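Participant: One line per chain: the protein sequences are A and B, in this order. Going by my numbering, the first residue of the first sequence is number 1, and it counts up by one from there. Going by my numbering, the first residue of the second sequence is number 331, and it counts up by one from there.
No wet-lab data here; the hints were simulated from the structure. For clarity, every value in this text was computed on a predicted model and none was experimentally measured. All C-beta atoms, glycine included, are put in the ideal place defined by N, C-alpha and C. There are no misleading hints in this set.
Beyond 12 Å from chain A on every Cβ pair, some chain B residues (computed):
#	residue
1	332
2	336
3	384
4	390
5	538
6	545
7	691
Reference listing, derived: stretches of chain A covered by chain B, where coverage requires no fewer than 3 residues with Cβ under 8 Å from a Cβ of chain B:
#	stretch
8	88 to 97
9	168 to 182
10	254 to 260
11	292 to 303
12	313 to 322
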Amino acid sequence: MRARGARLFRWLWRIAIAGVLLWLRRGKEPLPERDLPASPRAEKAVAALLFGSGLAGAGFALIYAFDEANTQLLGVAAAAALGLLALALIVASQSVVPQEVVTEERPRFADPEADRQAELDTASRTVRESVDGITRRRLLGAAGGAAALGLGAAAAAPLASLGPRVGDTLRESPWRDGTPLVDENSRAVLADDLTVGGFLTAFAAGSDKDDLASSLVVVRVRPEELELPPDRADWAPEGLLAFSKICTHAQCAINLFRYPLFAERSPGPALVCPCHYSTFDVLKGGERVFGPAVRPLPQLPLKIEGGRLLAAGPLSGAVGASWGGVREES
Amino acid sequence: MIRRGVRFLDQRTGAGSILSKALRYAFPDHWTFLFGEIALYSFLILIATGIYLTLFFEPSTSQVVYHGAYAPLRGHEMSRAYESALDLSFNVRAGLLMRQVHHWAALTFVAAIVVHLMRIFFTGAFRKPRDLNYYVGLTMLTLAVLEGYAGYSLLDDLLSGMGLAIGNGVALSIPFIGGQVGTLIWGGRFPGTEAFMSRLFIAHVLLLPIAIGSLIAVHLAMVATPHHTQFRGRGRKESNVVGTPLWPAYALRSLGLFFAVAAVLFALGGLVQINPIWQWGPYETYLGTNGAQPDWYLGWLIGALRLMPHFDVVIGGYTVIPNPFWGGILFPLVVFGFLYAWPAIERRLEGDSAQHNLLDRPRDNPRRTAIGVALFAWVSTIFFAGSADRAFVQLGVPYEGQLWGYRAASFLIPVAAYFLTRRVCERLRESEAHPGSGSGAQVLARNRKGGFDQLETRGAPGVIKSDRGS
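One chain only, chain A, in its complex shape (with noise of 0.2 Å):
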């Protein structure tokens, strides 16, 4: 009964795919070697779509030159002017040109044959007899490996005007002891701009703002909550903290802070990456907490004086992305 079942389903589908063949096939007789398929009712159908084709370009230009050239309307206008083109062309090419299958026969190459053979031997034997006679081949090649090595040294050296050598460019930063921060418009960073679970993007004061080493981030806390490890006991007066905003994992800027408002429950203060969600615990000087960053994003021990933000010190680590210059703690 299941063997029956299956013929049934086997018959049944082998019909269902004959019918589409068919229907995709529908009034064509197998391929004979040349068939010239042209008729009127083809070549009229050819000819309208080429003049449709032809208006639509000629719609386009219009569009192009009164209609404001609104972008919608010209892509379709565009469009239907190649498409239209376009299956003028494929009707052409399916039932007013002769339709015919060719047999090729393949060139073959590099089977074992004789002349084949033959021939690669030749070639082999050109090359190898382009040294005949001579004696100092090992000179010669020693001769030529140097010649290639020099101007290979030659041809790559320019390469090096493209850019400064690493040494410490990748290390400059503007924060030293006193440094203050500002605002994107240069105004000076005031302690009482932030209330708790706020955040704030600041850059050292005279800097080049695109700087990496000059944005930062600045959020509050309540100052009970901070678990900073002791040498950094000091670097967040009244709770609040400076991070460099570029992430430690692939230089993205950090833009997203995420302050709990229901601290029972919620994870603690973080800020985050929106590029590939590395998460920096503010608590702990930036200790990384989730994602792929491996170092911590480097912090900025700060002082208030007159009500204003001053860098108290340098950053506490590289900024921007790890590279084989830059140190870890493991």
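Here the structure of chain A is known, so what remains is to put chain B in place on it, guided by the hints.
Facilitator: This is chain B only, laid out in the frame that chain A set:
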């Protein structure tokens, strides 16, 4: 008239015999052969629209204050590059159309190459004598991805800047020389000097297009020399090609396909918004946006960067291999390395170094198909991991949980895909249940001794091969 034209050419170039052969070049008919052509035609559209764009775009980082047509950005400081891209979109007639067609064409170009690569892989078209050409194709795919990245990084909008920041981070992560590579390419520390923009621009509009264009020429020449592959069928042999001649039917059809591709791209460019740079705003190193997603062909890399656990190789206190290396460099190296190595691996595995002009159906070589599907499943899983943040926003699935799910899936799914595919292929091969291959029945005839002789086995390569791999 026509004869005179041909003679004119022949007497000056000697092209007569080549021409007469070329016009009769046979193209086997199969729908899967279209993908390569779609890639080629997308490239032509890219060149045409790209030339138009260069007439207006200025790759300059000099800072200007915007006073243009788009009101929300008026008064903002931005680079001239971004401003000229905005002007191109709002003030140049048909400028936005061309920009969007260019972007859609780029997405289509890479997609068509990837599907074409899958066709080549699963049908065994990469085997000798076409293995060299397969390497050429893979190289073009690499260049196409780089070219796309360079292209959307030029505009200096927020999205492109974030992409470059990540790119710089990945460059810095190259072991030992990363720091120097980064400062060489960018002319210093990220975001780099004015010269970096020129370098990116010339790479995008000259160096990479010329490289891709030259490789396309090599690719097509190396397709034509041994002629096209073909599937098995009546009258089709290793030594011949059966198909539609280039002139006139195939030429018309292929030109038709070119215009159809162009029509679809122009319809998309006109009707479907892509990369609305005015919404992202200008880039500064200290700005970021949530939900930033790259063009699709970089999705697998962002997925890998996100999935990788936090882990550096630290030697003597220095981060010798920083984390972005794993997802941004090692992962694509493994994927492409495997694809480059596959023809040689398969020759070893199968002990088969013969010439192949007839294609396999995917089932004919269950192991190859299963490995291909597993690789594809692996890369796709990691690709989807790149959109986990969007799934979190849209569907509320916790990001952290998704990440662990994807980490597990990136191991389990490829393995499951391998065994499932292999089983399906083997079953299909045993039953020969393909609708197109006829009944697959064996014709027997009774002989004088009362036994049976097999007269014919129709088009069933799996049966011939069934002593292997099962």
